[in-house]
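Heads up: the sequence shown begins at 1 in this note's numbering, then just goes up one per residue.
Rather than coming from a laboratory, the hints here were simulated on the basis of the structure. Among the hints, a few may not be true.
Said to hold, decoys possible - Label pairs and their calculated CB-CB ranges: (1) D122 - V71: 19 to 25 Å; (2) L7 - I84: 20 to 26 Å; (3) T137 - V71: 29 to 35 Å; (4) R103 - D27: 20 to 26 Å.
Only a predicted model underlies this, so the values are computations on that prediction, with no experimental measurement involved. Heads up, the beta-carbon is just placed ideally off N, CA and C, and yes, glycines get one too.
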Amino acid sequence: MNKKVILGILISVILVYLSVRGINLQDVLNDLKQIQLSYVIFFLILVILMQYLRSYRWGVILQPMEKIDQVSLFSVTSVGFLAIAAIPARIGELARPYLISRRSTIKMSSALGTIIIERILDSFTVLTIAVIVLLLTDLPSWMIQSSIIFFLLALAMFCFILFLIFSSHRRV
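Work out the full structure: start from the sequences and follow the hints.
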């Protein structure tokens, strides 16, 4: 083993120790015994379905550049979201474009662009849901009005980005 691997293992062991040193193992075991397995199975199925849908959506976005099989997309998406959870400051976002650029002819910069498009779509979806919830909730009118204005500004920005994307394709 090289020095970097040994250092990585040593740091991991120290961090795990610091994370669990004040935890009573008996309390953890008692809590684990109370878990209902049906909820865990349902949650795991839901997580796998969400990962599949994310990978499918990414495949649709990547398709104009290259058609990539769903198994590769699913594995890269899963590893990518693991990296997002494990690496601080969302640096793990770079894992998916890096991995897909290694498995295909898609350039890293193009793959990174698809991640940005995904984040824009995600933001727009969350904003849409938030506005619907705000409209269905009894809130002060100023809060609803400001939320609608914010939503319309975000919608305008989204349309402007789409315009830039499609107008740049026409010039090529």
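Against the structure, the hints come out as follows:
For the pair D122 and V71, the beta carbons lie near 24 Å from each other, so the given range of 19 to 25 Å is met. Between L7 and I84 the Cβ separation comes to about 24 Å, which falls inside the hinted range of 20 to 26 Å. Range check, T137 to V71: about 42 Å between beta-carbon atoms, so the 29 to 35 Å window is missed. For R103 and D27, the Cβ-Cβ distance of about 44 Å falls outside the hinted range of 20 to 26 Å, so the restraint is violated.
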